[in-house]
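Asker: The primary structure of each chain is shown beneath.
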Amino acid sequence: MGASQTRTGNEHQHLMDKTGFSSEQIKNLRKRFLQLSGNEETIRNQRGDEAGAFQEIGFEQFLMVMCHFRPPTLKMTAEEKEAMRKEKLRFLFNMHDTDNDGTITLEEYRKVVEELLSKSGAIGQETAEAIADAAMLEVASTNVPHMAPDEFYEGITFQHFEQILKGLEMESRMNIRFLDVDTTTMRCGRSTS
Amino acid sequence: CALHRGAPSCGSSARLTAPTCVLLLLLFAFVSVASASRDDAPGGNNETGRAPPEDSHHHHQQTNSSTHHKKAFPVLSFNYEHVRQPFEISLWILLALLMKLGFHIIPRVSNVVPESCLLIVVGLLIGGIIKAIGEKAPMLDSKLFFLYLLPPIILDAGYFLPIRPFTENMGTILVFAVVGTLWNTFFVGGMMYAVCQIEGAQLGGVDLLSCLLFGSIISAVDPVAVLAVFEEIHINELLHILVFGESLLNDAVTVVLYHLFEEFSHADTVTVGDALLGVVCFFVVSLGGIMVGAIYGLLGAFTSRFTSHTRVIEPLFVFLYSYMAYLSAEVFHLSGIMSLIACGVMMRPYVEANISHKSYTTVKYFMKMWSSVSETLIFIFLGVSTVAGPHAWNWTFVIFTVILCLVSRVLGVIGLTYVINKFRIVKLTKKDQFIVAYGGLRGAIAFSLGFLLTNSQLKNMFLTAIITVIFFTVFVQGMTIRPLVELLAVKKKKESKRSINEEIHTQFLDHLLTGIEDICGHYGHHHWKDKLNRFNKAYVKRWLIAGERSTEPQLISFYNKMEMKQAMMLVESGSAAKLPAIVSSMQNIQPRGPARPRAIPSISKSREQEIRKILRANLQKTRQRLRSYSRHDLLIDPFEDGLSEVRFRRQRVEMERRMSHYLTVPANRQEIPSVRKVCFEPEHQVYTYDTDGESLRGRRASHSHPSASDAAGLVNESTRRPDQSGAAEPRPKAPDDQEDQDQLTLSRCLSDPGPNKDEEGGGSFLS
Numbered sequence: 001m002g003a004s005q006t007r008t009g010n011e012h013q014h015l016m017d018k019t020g021f022s023s024e025q026i027k028n029l030r031k032r033f034l035q036l037s038g039n040e041e042t043i044r045n046q047r048g049d050e051a052g053a054f055q056e057i058g059f060e061q062f063l064m065v066m067c068h069f070r071p072p073t074l075k076m077t078a079e080e081k082e083a084m085r086k087e088k089l090r091f092l093f094n095m096h097d098t099d100n101d102g103t104i105t106l107e108e109y110r111k112v113v114e115e116l117l118s119k120s121g122a123i124g125q126e127t128a129e130a131i132a133d134a135a136m137l138e139v140a141s142t143n144v145p146h147m148a149p150d151e152f153y154e155g156i157t158f159q160h161f162e163q164i165l166k167g168l169e170m171e172s173r174m175n176i177r178f179l180d181v182d183t184t185t186m187r188c189g190r191s192t193s
Numbered sequence: 001c002a003l004h005r006g007a008p009s010c011g012s013s014a015r016l017t018a019p020t021c022v023l024l025l026l027l028f029a030f031v032s033v034a035s036a037s038r039d040d041a042p043g044g045n046n047e048t049g050r051a052p053p054e055d056s057h058h059h060h061q062q063t064n065s066s067t068h069h070k071k072a073f074p075v076l077s078f079n080y081e082h083v084r085q086p087f088e089i090s091l092w093i094l095l096a097l098l099m100k101l102g103f104h105i106i107p108r109v110s111n112v113v114p115e116s117c118l119l120i121v122v123g124l125l126i127g128g129i130i131k132a133i134g135e136k137a138p139m140l141d142s143k144l145f146f147l148y149l150l151p152p153i154i155l156d157a158g159y160f161l162p163i164r165p166f167t168e169n170m171g172t173i174l175v176f177a178v179v180g181t182l183w184n185t186f187f188v189g190g191m192m193y194a195v196c197q198i199e200g201a202q203l204g205g206v207d208l209l210s211c212l213l214f215g216s217i218i219s220a221v222d223p224v225a226v227l228a229v230f231e232e233i234h235i236n237e238l239l240h241i242l243v244f245g246e247s248l249l250n251d252a253v254t255v256v257l258y259h260l261f262e263e264f265s266h267a268d269t270v271t272v273g274d275a276l277l278g279v280v281c282f283f284v285v286s287l288g289g290i291m292v293g294a295i296y297g298l299l300g301a302f303t304s305r306f307t308s309h310t311r312v313i314e315p316l317f318v319f320l321y322s323y324m325a326y327l328s329a330e331v332f333h334l335s336g337i338m339s340l341i342a343c344g345v346m347m348r349p350y351v352e353a354n355i356s357h358k359s360y361t362t363v364k365y366f367m368k369m370w371s372s373v374s375e376t377l378i379f380i381f382l383g384v385s386t387v388a389g390p391h392a393w394n395w396t397f398v399i400f401t402v403i404l405c406l407v408s409r410v411l412g413v414i415g416l417t418y419v420i421n422k423f424r425i426v427k428l429t430k431k432d433q434f435i436v437a438y439g440g441l442r443g444a445i446a447f448s449l450g451f452l453l454t455n456s457q458l459k460n461m462f463l464t465a466i467i468t469v470i471f472f473t474v475f476v477q478g479m480t481i482r483p484l485v486e487l488l489a490v491k492k493k494k495e496s497k498r499s500i501n502e503e504i505h506t507q508f509l510d511h512l513l514t515g516i517e518d519i520c521g522h523y524g525h526h527h528w529k530d531k532l533n534r535f536n537k538a539y540v541k542r543w544l545i546a547g548e549r550s551t552e553p554q555l556i557s558f559y560n561k562m563e564m565k566q567a568m569m570l571v572e573s574g575s576a577a578k579l580p581a582i583v584s585s586m587q588n589i590q591p592r593g594p595a596r597p598r599a600i601p602s603i604s605k606s607r608e609q610e611i612r613k614i615l616r617a618n619l620q621k622t623r624q625r626l627r628s629y630s631r632h633d634l635l636i637d638p639f640e641d642g643l644s645e646v647r648f649r650r651q652r653v654e655m656e657r658r659m660s661h662y663l664t665v666p667a668n669r670q671e672i673p674s675v676r677k678v679c680f681e682p683e684h685q686v687y688t689y690d691t692d693g694e695s696l697r698g699r700r701a702s703h704s705h706p707s708a709s710d711a712a713g714l715v716n717e718s719t720r721r722p723d724q725s726g727a728a729e730p731r732p733k734a735p736d737d738q739e740d741q742d743q744l745t746l747s748r749c750l751s752d753p754g755p756n757k758d759e760e761g762g763g764s765f766l767s
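First to last, the sequence lines map onto chains A and B. All residue numbers for the first sequence refer to the UniProt record's numbering, where the first residue is 1 and numbers rise by one. All residue numbers for the second sequence refer to the UniProt record's numbering, where the first residue is 1 and numbers rise by one.
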């Protein structure tokens with residue numbers, strides 16, 4: 001990597017500007033990325049052929065995903081915090097909206113709830129669906145209060161999504177700690193959840 | 001507490017209560033005076049007392065007229081001594097609560113002045129009246145305070161402690177509690193010693209250890225005062241938990257320092273070994289207290305697993321185990337407050353899963369009630385003791401104490417926040433720091449600890465200073481914190497209830513963040529929380545929660561609780577008026593399936609396959625579903641045989657209540673208990689309701705229902721929907737049956753053959 005030192009220096013600067021991480025954080029993440037990818041340049045998608053999923057991601061894409069989990073800093077103004085919250089909510093929205101059509105339909109929401117409950121025991125699909133239905137109903141009632149009975153609520157749009165999760169204060173919650181120093185507790189292997 | 005908001009404010013009633021209050025005060029004072037003066041009166045009015053004199057009379061004057069010793073039978077007699085003590089206690093409590101009631105009827109005052117201040121003023125008045133009459137007013141006895149008045153408040157705080165913000169901010173809270181209190185103690189103690197060295201202050205007799213002892217008493221933030229003031233300003237969760245958590249956890253530090261300095265002040269020399277022992281003592285006290293509390297909490301949780309037959313005594317277990325935890329910790333001089341908190345926190349998730357809904361309500365309301373009474377009594381007694389107690393006022397000492405307390409608090413918070421912010425993800429802003437510093441109120445614990453001091457000459461001076469600091473913090477800081485919060489535009493607590501979307505996303509975030517932390521490769525906060533949850537689910541819940549609920553995920557409990565609340569709300573509010581408010585019904589969000597316009601589509605083969613597979617799979621889960629709803633039954637033992645008929649009926653009514661939430665046609669609502677069949681949109685269960693005992697068969701038949709209807713029936717279903725104006729529709733309805741749907745479909749349900757029920761059954765299916 002000797003000859004590419006200056007190149008990585010420039011890249012680092014570019015990445016730092018784009019994602020807002022500090023130089024040490026980027027170095028640590030790069031180490032971790034190499035660990036996960038087995039010292040290659042990209043991480044392969046091991047799940048096979050999911051529709052709409054990338055086959056492999058590079059370091060920059062890895063960083064872009066990670067930068068959604070940065071915490072707000074003390075110096076941020078209210079608008080910056082608002083923008084950060086929107087960004088994080090956008091990330092969540094895109095996670096739920098698997099077909100990328102801009103709305104979360106009932107099916108997609110059901111899938112989310114099912115996956116939440118799937119590891120938690122044998123309660124069954126109906127409760128998951130009932131919960132998803134109730135949640136969807138809540139979104140509909142909150143955002144479109146006067147729907148005639150034969151109107152159809154297509155799905156949760158991003159504005160509605162923002163509206164219902166307004167109380168959760170995403171910018172304070174959806175964060176993890178990015179270390180500035182190197183820790184020795186890095187584990188190899190797939191992530192469990 | 002929402003319990004005492006919203007009192008109506010009429011002008012006339014306000015005018016009436018002021019003289020009423022005064023009258024009550026006078027009555028109160030009179031009775032306490034009367035009872036006080038009976039201290040030296042002999043129990044002379046008893047009937048039994050009459051007997052010996054009468055006998056002697058009889059002996060001496062037996063020749064006299066018989067009217068001497070043959071008195072008339074007393075129809076009405078007065079015997080106050082007999083009931084004196086309980087009478088007085090009850091009267092104190094009753095009048096204290098009447099005061100509390102009075103304040104809330106006068107709206108202007110209660111908006112400006114926090115309740116604690118008003119109660120102290122009342123106490124001062126009462127003490128003044130008693131003293132003016134010349135009697136001795138009761139002091140706030142330390143034993144009474146620590147054994148009877150303090151535990152209910154702490155238990156209430158610990159049981160309802162919001163766990164998530166508490167554990168997320170645990171590091172910050174611990175730093176403030178331990179390091180902050182230590183800093184306060186040594187700063188105040190040291191500076192007071194320096195002050196005492198000043199020539200003109202006549203404070204030469206105060207040595208360093210006494211000053212440090214005084215510092216340790218005065219430096220601890222008091223949970224009672226913090227609760228009383230912060231409850232009314234509705235500040236955001238983070239700040240509330242920071243100040244409040246600090247006030248709870250600093251008890252360990254206070255206990256250790258107090259005993260340490262008390263011991264040292266009797267000893268001659270203090271060595272380094274003693275100081276080290278002090279540090280060890282701190283760990284023993286805090287960890288020991290927590291352990292004692294945790295053990296009692298687990299015992300309580302375990303006991304509650306078996307109380308399904310005796311629901312009435314369930315709340316008592318909660319209270320008694322907690323109180324025993326407190327007392328056991330006090331036996332060993334461990335931190336009783338931390339023990340109580342640990343007990344409540346440990347016990348709560350398991351007990352709430354086990355006890356009935358009514359017991360839960362009882363526990364909640366009794367705790368709130370006791371803690372409210374305790375708090376009121378504490379503040380009143382504080383006022384009375386101020387008037388009653390011997391005082392030794394020393395201007396220098398008192399003024400410097402107040403100033404130093406403020407200064408040390410501010411410096412401590414600023415310094416510690418600077419360090420803490422390096423480790424926090426979400427930093428504390430200057431506004432947060434100000435509120436944390438300003439919210440450091442002192443209260444009755446400091447007073448009681450001061451009262452326990454044995455050195456009498458310094459004791460009075462210390463007590464005076466302590467009372468002054470308490471008054472200053474409670475009155476000045478307590479009254480001004482609300483306008484300051486408004487002025488600084490500090491974030492308030494969000495008032496709305498938790499919605500199901502928020503709950504889903506909170507859980508989702510937990511998983512997501514755990515996963516991302518894993519990707520980044522370090523063991524963060526979420527990682528450990530996840531591990532704890534797994535451990536809890538795999539081992540602990542099995543032992544401590546009865547029946548099927550041990551495997552229930554939290555999202556489902558939440559959902560069920562919410563549904564039940566909504567069902568109860570709906571029933572209580574009277575259905576017809578409320579329902580139009582629920583305007584989006586289920587059918588608004590159902591995708592119309594392949595047949596969006598009114599044409600009749602044909603359902604493709606693969607879709608049909610899919611539907612059948614799902615129906616089949618769902619039928620097999622019938623049993624499980626039944627049992628999982630059993631906990632709403634108060635009368636039915638969950639261990640009973642699952643096919644009991646009454647249980648079916650109750651479950652049906654329950655389900656029906658829930659489902660009716662989704663209906664928009666009021667007409668259906670009025671027929672709750674009677675015979676009706678409610679069928680729902682494809683996604684929901686089909687249930688048959690009948691009251692004549694054909695429950696089992698009816699239920700099975702209902703599940704076989706959709707199976708009997710084939711694809712054509714489904715098609716009918718989806719075409720019908722656009723025609724309806726939101727009525728619930730039964731599933732296999734003949735096109736012309738809309739009017740008599742109830743009776744006809746009921747009979748159809750019952751008459752449907754059941755052979756198909758084993759291959760494909762009812763239940764939801766995706767359209």
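Worth double-checking, as some hints may not be accurate.
[Unchecked claim] Derived, one-sided and incomplete: chain B residues facing chain A with beta-carbon distance under 7 angstroms:
hint, residue
1, Q85
2, P86
3, K494
4, D510
5, I516
6, G524
7, H527
8, S557
9, Y559
[What the hints assert, rightly or not] Each computed DSS-like pair below joins lysine-lysine, with the alpha-carbon atoms no more than 27 angstroms apart:
hint, chain 1, residue 1, chain 2, residue 2
10, B, K100, B, K427
11, B, K537, B, K493
12, A, K111, B, K561
13, A, K75, B, K561
14, A, K81, B, K565
15, B, K493, A, K27
Treat the hints as calculated values from the structure; they're not laboratory data. Backbone N, C-alpha and C define an ideal beta-carbon position, used for all residues, glycine too.
Asker: If a hint holds in the structure, say so; if it doesn't, say that too.
Answerer: Results for each hint:
1. Q85: For Q85 of chain B, the interface hint is violated, since the closest Cβ of chain A sits about 51 angstroms away, which is over 7 angstroms.
2. P86: 49 angstroms, violated
3. K494: 5 angstroms, holds
4. D510: Interface hint status for D510 of chain B: violated (9 angstroms vs cutoff 7 angstroms).
5. I516: Since the shortest Cβ distance to chain A is 6 angstroms, the answer is holds.
6. G524: At about 6 angstroms, which falls below the 7 angstroms cut-off, the nearest Cβ of chain A leaves the hint on G524 of chain B intact, so it holds.
7. H527: 10 angstroms, violated
8. S557: 11 angstroms, violated
9. Y559: 5 angstroms, holds
10. B:K100 <-> B:K427: 39 angstroms, violated
11. B:K537 <-> B:K493: 31 angstroms, violated
12. A:K111 <-> B:K561: 22 angstroms, holds
13. A:K75 <-> B:K561: This hinted pair is violated, its Cα atoms lying about 41 angstroms apart.
14. A:K81 <-> B:K565: Violated, at roughly 35 angstroms.
15. B:K493 <-> A:K27: 40 angstroms, violated
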